[in-house]
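The task is simple: from the sequences and hints, build the whole structure.
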Amino acid sequence: MNDSLVSLEGVEKVFKTRAGPFTALRGVDLQIQDREFVAIVGPSGSGKSTLINMMTGIDRPTSGEVHVAGERLTGLSENKVAKWRGRNVGVVFQFFQLMPTLTVLENVMLPMQYCGTYKGQRRERAMEMLKLVEVPETADKYPSQISGGQQQRSAIARALINDPDLIVGDEPTGNLDTISAGLVFELFEELVRQGKTIVMVTHDRELAGRIPRVEEVRDGRLVGAGEVDARLASKH
Amino acid sequence: MFRSRWRKILRDVWARKSRSAMAATAIFVGVLGVVTLLSAGDLLTSQLKQDLREEDLPMQAVFVSAPGGADLDNAAYLDALGESPGVTRVEGRAVRPLAWKLPGDAEFDDGFILAAWEPFDEITIQPMRLSGEGRYPSTGQHEIAIERRMADKHGLGVGDQILLRTPGGDAGGDAWTITGLVFMPYPSFSAAAAAVPSDASMFATFEDAQALGGFVGFSTLYARYTDFPTAQEQSDSFFAAIAQETPYVAVYNYIDDPAESFFITQTAQITGMLSMLGIIAMVVAGLLVVNIVNSIVGEDKRQIGVMKSLGATRWDNFVIYAGIAITFGVIGTVPGVVIGSYLGALMAQAMDETLLTSIEGFSLSSSAILTGIVMGLAIPFLAAIVPVFLGTRVTILQAMTDVGISGDYGKSRWARAFNAVPLPTNTKQAVTNVMRKKGRLALTWLTLTLAAASFMGIFGMFVSINDKIGGLFDAFGYEIVVVPNERQDFEQVRGLILAGVPGVEAVDPGIGLAVELEDYVSPETDTSQLQMTGFDPAAGSMELDIVAGTAWADDPAREGIVLTRGVANALDKAPGDTVALVAQGQRAEIEVIGVASFAIDQGFMEWRTLARLVGSTNSQGEPAPTSMLIQLVNPDPTVEEVDDVIDELDEVLLSDGIAASHVNQIGVAEEIAQLITMFGSIFQIAAIVMAVIGAIGLLSTLSMSVFERLREIGIMRSIGAGSVTIASQFLTEGMLVGMSAWLVAVPLAYLIAGGLLASMEIEIEGVGFDPSALWIGLIGMIVITVLASLGPSLSAARKTVSEILRYQ
Amino acid sequence: MPEPLVQINDLVKTYETPAGPLSVLQGIDMEIGRGEFIALVGPSGGGKSTFLNMLTGIDRPTSGMVVVDGVDVSTTSERKLTRWRARNIGIVFQFFQLLPTLTVLENVMMPMDFARVHDRQERSDKAMTLLERFDVADQADKTPDLLSGGQQQRVAIARALANDPVLLVGDEPTGNLDHMSAAVVFETFYELRDQGQTVVIVTHDREVVQDVPTVLRLSDGLVDSTSLEAAAKRQTREQQATRLADL
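Chains as they are written, first to last, in our numbering: chain A, 11 to 246; chain B, 2 to 809; chain C, 44 to 290.
These are computed hints drawn from the structure, not numbers from a lab.
For each residue, glycine too, the CB sits at the ideal point set by N, CA and C.
Each hint should be verified, as a subset may be incorrect.
A few chain C residues that face chain A, going by a derived Cβ cut-off under 10 Å, partial list only [as the list claims (entries may be wrong)]:
#1 Thr-60
#2 Gly-63
#3 Leu-65
#4 Gly-70
#5 Asp-188
#6 Ser-191
#7 Asp-221
#8 Met-223
#9 Ala-225
#10 His-247
#11 Asp-248
#12 Glu-250
#13 Val-251
#14 Ser-262
In the SDA-like style, the derived pairs of lysine to any residue whose C-alpha atoms are separated by at most 20 Å in a straight line are [claimed, not checked]:
#15 B:Lys-18 - B:Pro-336
#16 C:Lys-169 - B:Arg-4
#17 A:Lys-26 - C:Leu-189
#18 B:Lys-18 - C:Asp-188
#19 A:Lys-90 - B:Arg-799
#20 B:Lys-302 - C:Asp-188
#21 B:Lys-574 - B:Glu-560
#22 A:Lys-93 - A:Lys-129
#23 C:Lys-169 - C:Asp-207
Spelled out as structure tokens, the structure:
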């Protein structure tokens, strides 16, 4: 056990499909430290999403070890993982994933209610978080009443609400127009400056070029960082 | 194209095995219910219509009590009665108990001897028919005929001998020879007002019967008129004529239109109600199918869009999904019809005796089968029309870009108002989810409400009936009623019984018969006759619940009448008023000395007063009771113990040449209780079936809810919700549906109970709705909703985020 | 020059959203010739899928005209369009969209069933031929869930061609496939183009489109003018090459 924030060792994932076993990840070793901003890139079907699902505990490896924020995820039950996740990881999806029948403020408060944190201060804390992501005016609106960019920022506020060290995003800007995508990216950069760790899957090469560390996944394997840097060097 | 559609239909049905099974099972249960109940009803009514020929039925029947003594000029009486206005034919019958046994048996069995005044081939009212070879018996030859069902039961045939116990005869019985087997489809009643079982019926000439039964006079007089309206007009004259022209005392009198014979209408009514239950079960099954088809069409949204993009028209899609519904129907209907026909025949055979007919062998009711098939196919088709029509409306674009039911929630005033209510988030979400799918939910909710209301209504009603009937039997202080065939010397018989029969505490006099009560219309018979009970208030034979007036509290010999509450209310009489009774053609005014709470409309009097009123006298002209009420020493005897005493009693009386009918009060009470329970159970089962179907509907609705909200469950899981949180949300949804259904069902239950009582024409005083049913209904609803919600809740909780995301 | 297969004039599509009107397509003018193989690339939300839906008539423009093989797709009634689409357009979706309860062969036969062309035996034969062409004939009697992603997509292509459509359209056809399967599927598209089939696909997979003859970039609702010019130049060059070869 080392002291990396995220540690994947020898992680393998084989899916059993009716057409036969499908290997999504082969022997992945990955270490991520505090305050890193990491992009995970690769072609479709390469295993990017599966990889970050390992980090969040949303999926489990067929073999190998996963340690995140000091916890050995592979040893926890589904229920415990969910609860652990609520307190330690902020997850941001491509399609926002806000609960449609709750207001934005209620959405942001959910993780606190599920994990029993910040009792008595939940409303204020949620409002502060919405201010942080610069969408306080959406607090009493329903998700269907605000724009895509506002929804995504509310989702980020929700992801941050329990003050997790790690934030994981699966194509978080994938469904936004250029301007909104830019704003969200700046927010991420600011969060890293404030001490968070952000791991982001993206297929947008330009965006990846702006992120300090890029890991490429191809056919279930992590490609050597050197190759990647060389290819992207021209962009800077 | 035809083949392609059928391929998809059949494959889709097979692919969704559990849902197809649920829908098909619901249809199966519905069709089974319809076919079984309709078959039984059809078979029973057909048999009755076949056996009871309209031209052979009497229009008026009067049960009479004969005076003692041998000088009865029956022929003259019949002639005189034949002169009554409107009467076209009068016939006399005697139906008396007769103990018999097979040679070699140790004990005698209870049987009945039936005889007509008219020679066998001259009987026109309720005649019997010879069955097979053989002939009618002749007088003085120790010849007898038996009902063919009695022959079947005991393996008897023409030429065999049986032993008969005659009053004053050999204790071992006399041998009589069977000369013929007889088919007697018409029901007969003994003096104790019990139906005579056909498998214990024996027939002889009137003269022989008099010796066998120990009687001289008739027990029943039948009359036919020119037409039934005439009968209705003149029945009271006939009734009066009996009193005036003959020494007989009328005990019970009813008129019945042969075109709509009471037995047939009663059977039709009962089976009609049972059939209604079957049809209601069928409709409820249809509601479940609507739910299921709706869920299938919802899930298949993408596929429908794809097919449209490949060129499928709306009609193509409609045919496919409606076809799935019809397939459910076929799968459920075929076994439903087959098993239902079989069960229906069994049910008819089981109920035939209760309804006073006899079904032999196995037959099919084509109308029931046809109805079952039509309903089994039509209901799922009709159920599918709306959901399929709506579901196939989706455009290709909508189908492809459907991202779940996020929709645009939040704009309505309701949403904003609800948002202000301070409920925990989980509960709020449950309520919102319940309200979001109002259409689909409405059906499930409706089913549950109907089921709960039916169950509680029926239960509450039957508990109340049971209660009242139970209370009724509390009023009787005696366990045995003995009705001698001819009026006897009360004191003499009393002495005989007390001396010779062990276990007897007291023998008290009693009179049971009917008189005409002016201005009164009996709800049962539509005549103005009132049942009268005469007893000795000084003895312990009756314990009436007097609610007004003092009755016999101060003076047990007081003259006057105690009316039951129902009669008093109908006539608007109170203690102190007078009523006019007509008996023996004489009108007498009697003071009302009390009002009693009693389930069946009656009048009570001190027996001597009543005896004088109706002319029930012995040879010395002194008042004589028509029956003896016997109390046993054992305060709480079983039916068998009472039967044992009756056997001893019979022996004692027969040895002394006295023949009598007897009633085991405890037995009667139990039989009635069992009958009520039997009918109550049938209705309860129907209600439970509806409840089960409602629960399945709830289960299916919640499962669909889980399926549609997989994405939301995934989100909840990804931001930290534990299994308990997720499961409890769905559990809350289920409970909301169930509890609100129960609330609405409560007032409905009262309505249903009232409706049932009115339609069954139950004239039991004080019967209503027992509130205990509401609590039982509540408990049942809680259990059902918890069970129905548990499955989907647990399944929702078990879903992992990765499964959900992969699926999406 | 022969008549273009597809003619698009001033195509505009605007959606009403709670945050205000959103212009997804902002006035596109272009032509697609017969036998062309065009790939539309661009960022998400740039309007690629919407554009494709305009071509197939699945969606309608706010204004402007789309004419495919002489038929004004933008104004034809839904019922007529359904019939026309069945015989003239083949669609390949990102998530295969094969009907799960039918076999592969039955799936390919389905468009012929709906269009009511050929009799039963002919349909079956034709479907088998198509499956053979895409190298999935041995899967004919299996249900789709038994096939790999790549195989399923090839079956979907076979199905799309069942009624010999003039235009084959694909919305992210390799979006859900791994590297190798994606390459095989694109091979198939190249073969089809060689056989004269007009193919228009939308994709955001940059690697795979490198060899596609015409790549148009669609971003912020408009087709990038430089790429249009490049496409036009290439077209003219190819036609010149063909004429030269004929000489």
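Here is what the structure says about each hint:
1. Thr-60: holds (7 Å)
2. Gly-63: holds (8 Å)
3. Leu-65: Hint holds; Leu-65 of chain C Cβ to chain A Cβ min 9 Å, cut 10 Å.
4. Gly-70: Violated, because the Cβ-Cβ distance from Gly-70 of chain C to chain A comes to roughly 18 Å (cut-off 10 Å).
5. Asp-188: It holds, given that the least Cβ distance between Asp-188 of chain C and chain A is near 5 Å, below 10 Å.
6. Ser-191: Because about 5 Å separates Ser-191 of chain C from the closest Cβ in chain A, which is inside the 10 Å limit, the hint holds.
7. Asp-221: holds (4 Å)
8. Met-223: holds (8 Å)
9. Ala-225: Interface hint status for Ala-225 of chain C: holds (7 Å vs cutoff 10 Å).
10. His-247: holds (7 Å)
11. Asp-248: This hint holds: Asp-248 of chain C lies near chain A, its Cβ roughly 6 Å from the closest one there, short of 10 Å.
12. Glu-250: holds (6 Å)
13. Val-251: Check passed: Cβ of Val-251 of chain C comes within 8 Å of chain A, closer than 10 Å.
14. Ser-262: holds (9 Å)
15. B:Lys-18 - B:Pro-336: Satisfied, since the Cα-Cα distance of roughly 18 Å is no more than 20 Å.
16. C:Lys-169 - B:Arg-4: Holds, at about 17 Å.
17. A:Lys-26 - C:Leu-189: holds (12 Å)
18. B:Lys-18 - C:Asp-188: holds (18 Å)
19. A:Lys-90 - B:Arg-799: holds (13 Å)
20. B:Lys-302 - C:Asp-188: With a Cα-Cα distance of about 19 Å, the restraint between Lys-302 of chain B and Asp-188 of chain C holds, given a limit of 20 Å.
21. B:Lys-574 - B:Glu-560: Since the Cα atoms of Lys-574 of chain B and Glu-560 of chain B sit roughly 17 Å apart, the hinted pair holds (cutoff 20 Å).
22. A:Lys-93 - A:Lys-129: holds (17 Å)
23. C:Lys-169 - C:Asp-207: It holds: about 11 Å lies between the C-alpha atoms, which stays within 20 Å.
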